[in-house]
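Visitor: Guided by the hints, dock chain B onto chain A, whose structure is given.
Protein chains in written order, with my numbering: chain A, 22 to 613; chain B, 228 to 573.
Keep in mind the hints are simulated off the structure, nothing from the lab.
Hints may contain errors.
Label pairs and their calculated CB-CB ranges [as the list claims (entries may be wrong)]:
hint, chain 1, residue 1, chain 2, residue 2, range
1, B, Arg354, A, Arg350, 56 to 64 Å
2, B, Thr302, A, Glu505, 18 to 26 Å
3, A, Glu505, B, Glu298, 25 to 33 Å
4, B, Glu353, A, Gly404, 39 to 47 Å
If you want a taste of the chain B side facing chain A, the calculated C-beta under 8 Å gives, among others [claimed, not checked]:
hint, residue
5, Pro285
6, Leu309
7, Ile317
8, Pro322
9, Asn323
10, Arg397
Listing some non-contacts, in silico: residues in chain A with all C-beta distances to chain B over 10 Å [as the list claims (entries may be wrong)]:
hint, residue
11, Thr27
12, Ala77
13, Ser89
14, Ala151
15, Leu293
16, Glu311
17, Phe461
18, Cys471
19, Lys473
20, Cys474
21, Ile596
No residue lacks a Cβ here, since even glycine has one placed at the ideal position from N, Cα and C.
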Amino acid sequence: MMHNITVKVCMGTGGVAAGGGEVLDAFLNEISSEGIAASIEKRCSPGKVGCRGLCAKDVLVDVIIGNSKVTYQHVKTDMVPRIVKEHILESNPVLEWAVGEDYHNFHDRQQKVVLSDCGNIDPEDINAYAAVNGYIAARKVVTSMTPEDVISTIKMSGLRGRGGAGFPTGTKWEIAGKQDAKTKYLICNADEGDPGAFMDRSVIEGNPHAVIEGMIIGAYAIGADKGYVYIRAEYPLAVERLKKALDDARTENFLGKEIMGTSFNFDILIKLGAGAFVCGEETALIASIEGQRGMPRAKPPFPVYQGLWGKPTVINNVETLANVPYIMRNGPEWFASFGTEKSKGTKVFAITGKIKNSGLIEVPMGIPLREIIYDIGGGIEGGRQFKAVQTGGPSGGCIPADLLDTPVDFESLAKVGSIVGSGGMVVLDETDCMVNIAKFFLEFTRAESCGKCVPCRIGTKRLLEILERITKGEGKPGDIALLEEMSVDIKMASLCGLGQTAPNPVLSTIKYFRHEYEAHINEKRCPAGVCKDLLTYSVLEEFCKGCGACLRACPAGAIKGEKKKPHIIDPSVCIKCGACLDVCKFKAVKKE
Amino acid sequence: MVTLKINGTEAVVAEGATVLEAARNAGIYIPSLCQHPKLTPFGGCRLCLVEIKGLPRPVTSCTTPVSEGMEVVTTSPTIERLRKTVLELILSDHPNDCMVCEQAGTCTLQELAYEYGIRENRFEGERRIYAKKDGNPFIERELEKCIMCGRCVKICDEVQGVEAIEFGYRGFDTKICTSFEDDLDCEFCGQCVSVCPTGALTGKLWSKQGRKMGVKEVDSTCPYCGTGCTITYHVKNNEIIRVTSNDDTPNEGLLCVKGRFAYKYVSSPDRLRTPLIKRDGLFFEAGWEEALGLIAERLQGIKAEHGPDAIAALSSARCTNEENYAFQKFIRAAVGTNNVDHCARL
Numbered sequence: 022m023m024h025n026i027t028v029k030v031c032m033g034t035g036g037v038a039a040g041g042g043e044v045l046d047a048f049l050n051e052i053s054s055e056g057i058a059a060s061i062e063k064r065c066s067p068g069k070v071g072c073r074g075l076c077a078k079d080v081l082v083d084v085i086i087g088n089s090k091v092t093y094q095h096v097k098t099d100m101v102p103r104i105v106k107e108h109i110l111e112s113n114p115v116l117e118w119a120v121g122e123d124y125h126n127f128h129d130r131q132q133k134v135v136l137s138d139c140g141n142i143d144p145e146d147i148n149a150y151a152a153v154n155g156y157i158a159a160r161k162v163v164t165s166m167t168p169e170d171v172i173s174t175i176k177m178s179g180l181r182g183r184g185g186a187g188f189p190t191g192t193k194w195e196i197a198g199k200q201d202a203k204t205k206y207l208i209c210n211a212d213e214g215d216p217g218a219f220m221d222r223s224v225i226e227g228n229p230h231a232v233i234e235g236m237i238i239g240a241y242a243i244g245a246d247k248g249y250v251y252i253r254a255e256y257p258l259a260v261e262r263l264k265k266a267l268d269d270a271r272t273e274n275f276l277g278k279e280i281m282g283t284s285f286n287f288d289i290l291i292k293l294g295a296g297a298f299v300c301g302e303e304t305a306l307i308a309s310i311e312g313q314r315g316m317p318r319a320k321p322p323f324p325v326y327q328g329l330w331g332k333p334t335v336i337n338n339v340e341t342l343a344n345v346p347y348i349m350r351n352g353p354e355w356f357a358s359f360g361t362e363k364s365k366g367t368k369v370f371a372i373t374g375k376i377k378n379s380g381l382i383e384v385p386m387g388i389p390l391r392e393i394i395y396d397i398g399g400g401i402e403g404g405r406q407f408k409a410v411q412t413g414g415p416s417g418g419c420i421p422a423d424l425l426d427t428p429v430d431f432e433s434l435a436k437v438g439s440i441v442g443s444g445g446m447v448v449l450d451e452t453d454c455m456v457n458i459a460k461f462f463l464e465f466t467r468a469e470s471c472g473k474c475v476p477c478r479i480g481t482k483r484l485l486e487i488l489e490r491i492t493k494g495e496g497k498p499g500d501i502a503l504l505e506e507m508s509v510d511i512k513m514a515s516l517c518g519l520g521q522t523a524p525n526p527v528l529s530t531i532k533y534f535r536h537e538y539e540a541h542i543n544e545k546r547c548p549a550g551v552c553k554d555l556l557t558y559s560v561l562e563e564f565c566k567g568c569g570a571c572l573r574a575c576p577a578g579a580i581k582g583e584k585k586k587p588h589i590i591d592p593s594v595c596i597k598c599g600a601c602l603d604v605c606k607f608k609a610v611k612k613e
Numbered sequence: 228m229v230t231l232k233i234n235g236t237e238a239v240v241a242e243g244a245t246v247l248e249a250a251r252n253a254g255i256y257i258p259s260l261c262q263h264p265k266l267t268p269f270g271g272c273r274l275c276l277v278e279i280k281g282l283p284r285p286v287t288s289c290t291t292p293v294s295e296g297m298e299v300v301t302t303s304p305t306i307e308r309l310r311k312t313v314l315e316l317i318l319s320d321h322p323n324d325c326m327v328c329e330q331a332g333t334c335t336l337q338e339l340a341y342e343y344g345i346r347e348n349r350f351e352g353e354r355r356i357y358a359k360k361d362g363n364p365f366i367e368r369e370l371e372k373c374i375m376c377g378r379c380v381k382i383c384d385e386v387q388g389v390e391a392i393e394f395g396y397r398g399f400d401t402k403i404c405t406s407f408e409d410d411l412d413c414e415f416c417g418q419c420v421s422v423c424p425t426g427a428l429t430g431k432l433w434s435k436q437g438r439k440m441g442v443k444e445v446d447s448t449c450p451y452c453g454t455g456c457t458i459t460y461h462v463k464n465n466e467i468i469r470v471t472s473n474d475d476t477p478n479e480g481l482l483c484v485k486g487r488f489a490y491k492y493v494s495s496p497d498r499l500r501t502p503l504i505k506r507d508g509l510f511f512e513a514g515w516e517e518a519l520g521l522i523a524e525r526l527q528g529i530k531a532e533h534g535p536d537a538i539a540a541l542s543s544a545r546c547t548n549e550e551n552y553a554f555q556k557f558i559r560a561a562v563g564t565n566n567v568d569h570c571a572r573l
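Extracted from the complex, chain A is given alone in its bound form (with noise of 0.2 Å):
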């Protein structure tokens, strides 16, 4: 029996950077050409496919062959010819350039809901959308349910919202449903802002019909006729996969007037943000779509009363809409069988950091940190140290170690000091200084804080240059005091969730490695050794044989010495770039 042969290109955004546009084409090209179209060509349809996880090992080719599959990673244009040869050709896959084990345990022990069809389907075919039985949901629940039907469903599963807040998805449809207004709107939230988060843009770049359909959904249960999609002018790739699903939705009659023959109008716009965080504040994201500056509005009023041009609005995350089409289609039960008692479903997290498998994962909710590092993140690279994980991005806070078997669940983190968050995952090990992490995520809130209230506008940066001292050396005592006392105030007097959780990082570090800091100020000591300030480079005489290689290697030309003879590291010149350290043959250079 002559199989057909499907190969399916990654081309996320990691794996368009990666080359799988130019992979994708290769294929296209050896099957279409002489000999092999003859024999092949008709059974053989290469795709493209969304984010599939493992970023790591791009670009990630699937071939499958009948029931068969084999994934390819790293694959370049000139590996093509060999795989169609010998794999599409002959039956025999190239094992060697086949995925290992890491790559399936990265994948056996996730639970995909939102992500399911993400990196399976070609995201710009909503044929493709269909054939997994897509918009099935929405057609059901427009043609044959009731708003309160659908509201009720989404509440018994326990969803709740994916950005961060964790505010229950039913209830907030319940309320906006219940306001009597002409005009409602419904948002999709995708103003991903954490440094090193990806969740939101993978999901709309790997199937963004799934959103557009949990928007119909969603819109269909408050009431609302038009919606809008906030999403980031630095997601091009995303905002075109959108941009053409919404069109091919709109010519299927999925969205627009009397959708699926029903008396149900609805339709959605694209909003591009002009690249501020805080406009993922829910606040500023209207003031933004109005066209004012995104500054956040005290609340209450909440949008869900009072929102875009002063209407009830919901305001959900991609996440949270994705999971909606899989919740109708499967039932509440389904959904709510992943998780915990009080954090139903799945989480999709962004793992980067010291980790061997950095990429994106979805996991049920409740599973302990250590299996998401250990068993899916295939644990820290190069066999160092873990000491922390970051949560939850410039609001969450870090997990030590002896932390590390609590369950990723909205309660169990926020007691700990951290959050879930929107899903960033950063790992830290033995040389990342904690002080400095800190450092980085003030960086941050600092730039990013709109001006609007003194406590963010001002405080941060404050708290940053404290910071900023310390880690040069110039701590002093009572420092640690003044971070903790000002941290406190900075969150119970801020007006939005930006100012609210911007000390995290600062409260949680001080919390689990206080001796961090108390190094640097007191001993004027980096324990990580990366407080370029606090560092000092020497040359050990003893085991120093004079080769030389350090002073060739050193570009500020701070070291001397004569040939076989103990070299000399001048401190006022050194530049502490670590260059004869790295060269050093005999451990004769030390850093301290």
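Guide: Just chain B, lined up with the frame of chain A:
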């Protein structure tokens, strides 16, 4: 009406009022820098934070509407600590040059620093420094003293409808900007100056003329037009050094560029102090008796020779309604012509 409890005492206010309004209504003081009765709430300075039973964190009373049965606490150790922190943060990015600041004595920030006894400041660090830019003759902008309360932006937008200024940049770098950061080029009504709680916006003409000490405030009516805005002259050594207008006036404290800034004519040496009579192409000073006598004589002469319609009269929009009424009555009844008009504009 809504009944709520503020510091344990019952208060009744209209629905839609804010907690801050309710408290002030009840004579309870809550500090604030950004709130202004003419403007929509901003909620930026965070000084009016209060505790409301059932809410997990303090909220700004200026933005929170009252609700039935609400229980508000306007002062507590936590609230006072937060207010002090906020003030210290503001002052850590402020020139603190009250010695030479125009606003000293009428500065809300200075008053709050005094009230909270902020002599030492836990915070220190970089301060904003800006190059001076404005060449305009009216409004001095010392943006280093700006606390970003947004009152100037709001009054320009919400009351004056001009939108000459807006917030620019982000975070610590936020500042109040004109379009493209050009020199200020608006109608210079000075409404922004009147609501600025610090010395960031002052009148250029006021500079070094006098602050509070030795300054007498004299209420008057603006002579520029028939609107008759109530103004307050600030007088020192028998010289007008500044014009302001109080909120409780018919013009609600709002003035135009002339009323607010164009007061120097009062002591101008070029100002007419007596009537002038022209003889042989030259003006000669005269007394009122003489001048009015001449006018009466000439009017009578022209009327007798050519009839009343040979006379036309033009009065000024700078006169009051009453003066203009009397004038047209005189022309119509005494002179006998309807040829009377006024310049209708300034």
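Visitor: For each hint, tell me whether it holds in the structure or not.
Guide: Checked hints:
Under the hint 56 to 64 Å, the C-beta atoms of Arg354 of chain B and Arg350 of chain A, about 58 Å apart, fit the expected range. Checked against the hint of 18 to 26 Å, the pair Thr302 of chain B and Glu505 of chain A passes, with Cβ atoms roughly 24 Å apart. Between Glu505 of chain A and Glu298 of chain B, the C-beta spacing of about 30 Å keeps the proposed range 25 to 33 Å intact. The hinted range of 39 to 47 Å is satisfied by Glu353 of chain B and Gly404 of chain A, whose Cβ atoms lie roughly 42 Å apart.
Nearest Cβ of chain A to the Cβ of Pro285 of chain B: about 6 Å, under the 8 Å cut. The hint holds. Because the closest C-beta pair between Leu309 of chain B and chain A is about 5 Å apart, less than 8 Å, the hint holds. Proximity of Ile317 of chain B to chain A holds as hinted, the smallest CB-CB distance being about 6 Å (cut-off 8 Å). Because the beta carbon of Pro322 of chain B sits about 14 Å from the nearest beta carbon in chain A, more than 8 Å, this interface hint is broken.
About 14 Å separates the beta-carbon of Asn323 of chain B from the nearest beta-carbon of chain A, more than 8 Å, and the hint is not met. With its C-beta approaching chain A no nearer than about 6 Å, Arg397 of chain B sits inside the 8 Å limit, and its interface hint holds. Consistency note on Thr27 of chain A: stated as away from chain B, and its beta-carbon is indeed over 10 Å from all of that chain's, at 48 Å minimum. No beta-carbon of chain B comes within 10 Å of the beta-carbon of Ala77 of chain A; the shortest separation is about 33 Å.
Ser89 of chain A, annotated as away from the interface, keeps every beta carbon of chain B farther than 10 Å; the closest lies near 54 Å. The claim that Ala151 of chain A is not at the interface with chain B holds, since no C-beta of that chain comes within 10 Å of its own (minimum 43 Å). At the 10 Å boundary, the C-beta of Leu293 of chain A stays outside the reach of chain B, the nearest C-beta of that chain being 18 Å off. At roughly 14 Å from the closest C-beta of chain B, the C-beta of Glu311 of chain A stays outside 10 Å, upholding its exclusion from the interface.
No beta-carbon of chain B is positioned within 10 Å of the beta-carbon of Phe461 of chain A; the least distance is around 16 Å. At the 10 Å boundary, the C-beta of Cys471 of chain A falls inside the reach of chain B, the nearest C-beta of that chain being 6 Å off. For Lys473 of chain A, the non-interface assignment is contradicted: its Cβ lies about 5 Å from the closest Cβ of chain B, within the 10 Å cut-off. Listed as outside the interface, Cys474 of chain A is inconsistent with that label: its C-beta sits roughly 5 Å from the nearest C-beta of chain B, within the 10 Å cut-off.
The non-interface label for Ile596 of chain A is consistent with chain B: the shortest C-beta to C-beta separation is roughly 25 Å, beyond 10 Å.
Violated hints for the displayed structure, listed by number in ascending order: 8, 9, 18, 19 and 20.
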